[in-house]
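Residue numbers (our numbering), protein chains in the order written: chain A, 235 to 547; chain B, 22 to 311.
It is possible that part of the hints are untrue.
To be verified - Here are the simulated lysine-lysine pairs, DSSO-like style, with alpha carbons at most 30 Å apart:
hint: 1; chain 1: A; residue 1: K357; chain 2: B; residue 2: K48
hint: 2; chain 1: A; residue 1: K357; chain 2: B; residue 2: K42
hint: 3; chain 1: A; residue 1: K357; chain 2: A; residue 2: K453
As the list claims (entries may be wrong) - Sample of chain B residues facing chain A (criterion: CB under 7 Å; computed from the structure):
hint: 4; residue: S275
hint: 5; residue: A277
hint: 6; residue: A281
Calculated directly from the structure, the hints in this document are not laboratory data. Just so it is clear, CB atoms sit at the ideal spot from N, CA and C, and this is done for glycine as well.
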Amino acid sequence: MTRLIARRLIELIPTLLILSVIIFLLQRLLPGDPAIALAGDDSDPELLEQIRRQYNLDQPLPIQYLSWIGGVLHGDLGNSMRLGRPVLDLILDRLPVTLQLAVMAMFFALVVGLTAGIISAIKQGTIWDYLANIVALAGISLPNFWMGIMMILFFSVMLGWLPASGYVSPAEDLQRSLLSLLMPAIVLGSGIAGVIMRHTRSAMLQALESDYVRTARAKGLFESRVVIRHAMRNALTPVITLGALEFGGLLGGAVLTEQIFNIPGFGKLIVDAVYNRDYAVVQGVVLVTAIVYVGMSLLADIGYVLANPRLRE
Amino acid sequence: MAIASTAPAVPHEGQFARFWKRLRRRKAALAGLVFIVIVILAAILAPMIAQFDPLAQDYTAIRQPPTALHWFGTDELGRDIFARIVFGARASMLAGVISLSIALAIGVPFGLAAGYFGGWIDLSISRVVDAMLAIPFLILAIALAAFLGPSLTNSMIAIGVTAAPLFVRLTRGQVLSVKAEDYVAAARSLGNPHWRVAFRHILPNVLPALIVQATLALAAAITSEASLSFLGLGQQPPAPSWGSMLNTAQRSLSNAPWVAVWPGMMIFLTVLSFNLLGDGMRDALDPRSR
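Using the sequences and the accompanying hints, generate a full structural model.
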């Protein structure tokens, strides 16, 4: 097991290295002089010179990269041009908000996706199966920013049941905090619920047709026990792995959700940075998201091996 | 040519007819196809379909609900929403097709090279793909669009480049399985150069999987363009796009909800149609479903 984790960690090194090069090169996409792009068109020459020195823009590209990655490895992601604060501090301030939203969204996706997938597989070919499939496909196809707007219209503007926007920290008031993120979590989790439902359904159908399930039925076990103890246990392992992988993707979806519901998280940070041409923040957010995603993939791999005794040897 | 007879190559007419027959049986996929054709026709014939100029402002008709004159109502500048939806279809369809073409133009050759040559070529390409896939799709697209500058063209480039790794990975996987077939070995042993074996004998056989994925990727590209336009990084005002229409609609949600309903509904139905068609095509091409 330790050897597996060590091997996966070693394999990650080249991926992370290339990832850092890609993220570093993003800045080179800026049209014209990067210093002007960073400081604005009307900046005075002294400021431009200072920026060139600060970001090593007067140095050759490989030197610029080495200096940047050296800073990154020491936790220095640069400073926000607009807020004048270290990018890492800004990210660490916002990350808990997005993580709370992502955990709630994943909880919603797992409860809805697993339940619908299992029912759909057990009741294959019935109206429940068709209904679950249609809802899953709708969940995947619904643009989450539109779903968010429609939910605000219905539950906030028309019914007045839920707050339309804003965020309350759980430390301040747990109940209000959960309520403030209820709609955003449903919006963010709906697409993944659809994906999980489809995977659960096909994994359950496969498990229900397997020899061990036939044997369990032949032993005279109750159908509920066959489904829960035998089919579900085997079918759900890959689905849980998928959930871990999708968790990384939630950070991407959070960008739009946080924008619609005005939640001061990680996603809103990147959008505000884009509007203000605060490129160091954009780079920092991309880097941290990718690291979280790579970390989640690693956890998914380890979880998969832990759940599957045959792979442990 | 002798080589051609050794390879099953491109599905011939009979195979296409069989595929179409199987696809036709899938009602949901067919409904999706019909809706897509309608949207494409609306995009092409937009000036003939729309009664109003999508940019024309009318301050005497601000935020009017749907009427016989303005079928979908008007927006905060008195512009006809139906005209903007019809013209907005152009941005969505164009973004879908162009960004997909960019993704295919980058993804397929690199995937083909990685799968066909293997070794260090495969290793280097696969590592770059792994790294790019580690960044969530929308975050990478936003970052690229932000650095390139906000415009519809740049958003299409951003989406295309972001989607390319998916096609590299898919093509590579398909090539690896096709490469082991006897007809590929036969083509090589007859002295065909690598490029000819790759493009004439391998590529046509990985096409069905690519077409299915491309249909599903079109749905993702349309959603992504709408997302970028919603964030102000795609189509720039006053030109209409479904995503940017939703952005402005947010501000008048309580007194003019219809402004938000139509563009979102169009994105949803178009994306749903591509997903239904893609699913149907995958089932129709699956040998187990025959």
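Verification of the hints:
For the suggested pair A/K357 and B/K48, the alpha carbons sit about 21 Å apart, so the restraint of at most 30 Å is met. Taken as a hint, the A/K357 and B/K42 pair is honoured in the structure, with Cα atoms around 29 Å apart against an allowance of 30 Å. The hinted pair formed by A/K357 and A/K453 meets the criterion: a straight-line CA distance of about 22 Å does not exceed 30 Å. With 7 Å as the threshold, the beta carbon of B/S275 comes within range of chain A, its nearest partner Cβ sitting at about 5 Å, so the hint holds.
For B/A277, the suggested interface contact is broken, since its CB lies about 11 Å from the closest CB of chain A, more than 7 Å. Residue-level restraint check for B/A281 holds (minimum Cβ-Cβ distance to chain A is 5 Å; threshold 7 Å).
Of the numbered hints given earlier, the model fails hint 5 alone.
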